[in-house]
Structure formats: structure tokens, C-alpha cells
Amino acid sequence: MVGITNKTLIAEIRRQQQLSQAIVEGQTAISTGVTLTKPSDNALAWVQVSEIGKAQAQQSAWQANVSYGTSRAANAEANLEEINNLLVRAQELVTKARNGSLNDTNRAAIVEEIKTIRTSVASMLNQTDYQGVPIFDDTQSVLVPVSRGLNLAVTGTRQEVSEGIDVGGTPMSLDDILGQSVAALQSGTDADLASALESIKAGQGHITIEQAKQGVRGDRLDVVGERLTSVDLDLTERRQGLESTDLAEVISSVKSKLLQLEAAQSAFARINQQTLFDLIR
35 MVGITNKTLI AEIRRQQQLS QAIVEGQTAI STGVTLTKPS DNALAWVQVS EIGKAQAQQS
95 AWQANVSYGT SRAANAEANL EEINNLLVRA QELVTKARNG SLNDTNRAAI VEEIKTIRTS
155 VASMLNQTDY QGVPIFDDTQ SVLVPVSRGL NLAVTGTRQE VSEGIDVGGT PMSLDDILGQ
215 SVAALQSGTD ADLASALESI KAGQGHITIE QAKQGVRGDR LDVVGERLTS VDLDLTERRQ
275 GLESTDLAEV ISSVKSKLLQ LEAAQSAFAR INQQTLFDLI R
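The opening position of the sequence shown corresponds to residue 35 in our numbering, with each subsequent residue numbered one higher.
Here are the simulated lysine-lysine pairs, DSS-like style, with alpha carbons at most 25 Å apart:
id, residue 1, residue 2
1, K235, K247
2, K130, K149
3, K235, K149
4, K130, K235
Cβ-Cβ distance ranges computed for the label pairs, FRET-style:
id, residue 1, residue 2, range
5, V167, E115, 15 to 25 Å
6, G249, T204, 20 to 30 Å
7, T223, L184, 51 to 61 Å
8, G239, Q161, 15 to 25 Å
No lab work stands behind these hints, which were simulated from the structure alone. Please read all numbers here as calculations on a predicted model, not as lab measurements. Note that CB positions come from ideal geometry on N, CA and C, so glycine has one too.
Can you build the whole structure from these sequences, using the hints too?
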């Protein structure tokens with residue numbers, strides 16, 4: 035009888051410890067708002083939360099790629115805009131040079147400005163960002179993974195932007211076009227200047243098309259970014275639904291366990307006050 039009673043007391047102590055632990059967990063769930071902290075809380079929900087966590091990690095990587103791609107696309111768009119402005123200025127200068135009233139000093143000043151424009155355009159075509167990555171890709175656009183099975187080109191190539199420009203049936207580069215303008219200004223003949231002006235207009239038209247293409251790339255990144263944000267919100271909502279605390283249910287459970295523990299402790303205290311003779315009687 036003594037052995038049986040001792041085992042009963044030990045079992046009761048363990049039961050009270052379990053009740054105390056359950057109360058602590060319930061109070062933690064109320065304060066943090068999270069109920070699901072270990073697999074034993076809800077095995078099925080734990081597996082689902084684990085899968086959602088993996089999906090969120092992948093979403094985060096894709097969103098980081100979209101952010102970086104958007105930054106590169108914006109840099110390319112800004113450079114194209116500046117190149118366009120420089121070509122517009124080059125047209126103005128060559129047009130001004132054709133009026134026949136310029137003296138040698140003025141013509142030399144225009145030549146120097148065209149040379150500066152040529153250097154600036156080359157610099158923007160070969161510019162790199164703060165990480166040393168070229169603003170425009172070389173030869174082939176780098177594809178950035180932004181979703182499952184979807185890789186996007188975020189900028190055009192330097193060759194697409196600056197080469198293969200159709201000038202009266204002859205492919206030319208921006209550098210060739212601006213070099214032609216310098217030569218035309220130095221020769222001073224109207225026919226050369228007229229030809230140079232048409233070349234610049236062709237170059238500027240080409241850049242306008244490249245701006246439109248870059249705008250499409252930027253728009254695609256924006257659309258994908260919005261979709262990723264929407265999916266991420268859905269995943270977060272689903273995860274919160276699985277992990278979050280049902281306050282009414284948990285508070286009720288904690289109150290019930292507190293009553294059980296108080297009753298058990300009271301009974302346990304009375305039992306411990308009995309004599310050894312009482313226990314084995």
C-alpha cells in the first residue's frame with residue numbers, strides 16, 4: 035500500500051507540473067499572439083507553416099531580384115534620357131552651324147561641344163553602378179529570375195543601344211554619327227553638315243525606340259513586383275491564421291487549467307498533512 039500511494043503522489047506531482055507548463059504556454063500565447071511554437075502543438079499546422087516559410091523565403095529572394103532589377107532598369111532609363119538630350123543638343127549645334135554666319139571661333143566652339151557630347155555619350159554607354167555592374171549589359175542581356183520559371187532582361191545591351199543604327203541604309207554607331215558631325219563641322223561644307231544632321235536625327239530616333247523598350251522592361255518589373263507583394267501578403271495571412279492565438283479559446287483554457295491546478299494543489303496539501311498511519315490505513 036505504501037508503494038502504491040507513493041506512485042500516486044509522484045503521478046499527481048507530474049500532472050500538476052504539466053498543468054503549470056500548459057498554463058505558462060497559454061499565457062505566453064496570449065502575450066505574444068502565437069500559439070504554434072512546436073510540432074506537438076498541431077502537427078498538420080506545423081507542416082503547413084514550414085511549407086509557407088519555404089515559400090516566403092523564395093518570395094523574398096525574388097523580391098530582392100526585382101528590386102535590384104528595378105534599380106538597374108531605372109539607371110538605364112536615366113542614361114538613355116540623357117543620351118537623347120545630348121543628341122537633341124547636337125542637332126541644334128549642327129543646325130546652327132549651317133546658317134553660314136558663324137566665324138571660325140564660333141565654329142571651333144561648336145566642334146568642341148560636339149566632341150564633349152561624343153565623350154559624354156560614350157561614358158554613359160560604358161558607365162557602371164555602385165557595385166561595378168555595367169548600366170547596359172555587354173553583348174547579351176543578363177536574365178534575372180523574378181518568379182518560378184520567369185527570367186527577365188532588365189536592361190538592353192550596349193550594342194543594341196549604340197550600334198546598328200540605320201542611316202540611309204548604312205549601319206552606324208552613335209560614336210560614328212558624332213564623329214561624322216565633328217568632321218562635317220571641320221570641313222564646313224553644307225552638304226556634309228546636312229548629312230551629319232540626318233545621321234544625328236537617325237541616332238536620336240534610335241535612342242527614342244530604345245527608351246520605349248526600356249520602359250516596357252521597367253513596366254514588366256513593376257507588374258511582377260506587385261504580384262510578388264500580393265502573394266507575400268497572402269502567405270503572411272495564411273501563416274498568421276495557422277500560428278496566431280484564438281484569444282477567447284486560450285484564455286478560457288488557461289482559466290480552466292488554473293482552477294484545476296488550484297484544486298489539485300489544495301488536495302495535495304491536505305494529503306501531505308496526513309500521518310503515515312493515515313496513508314497506510
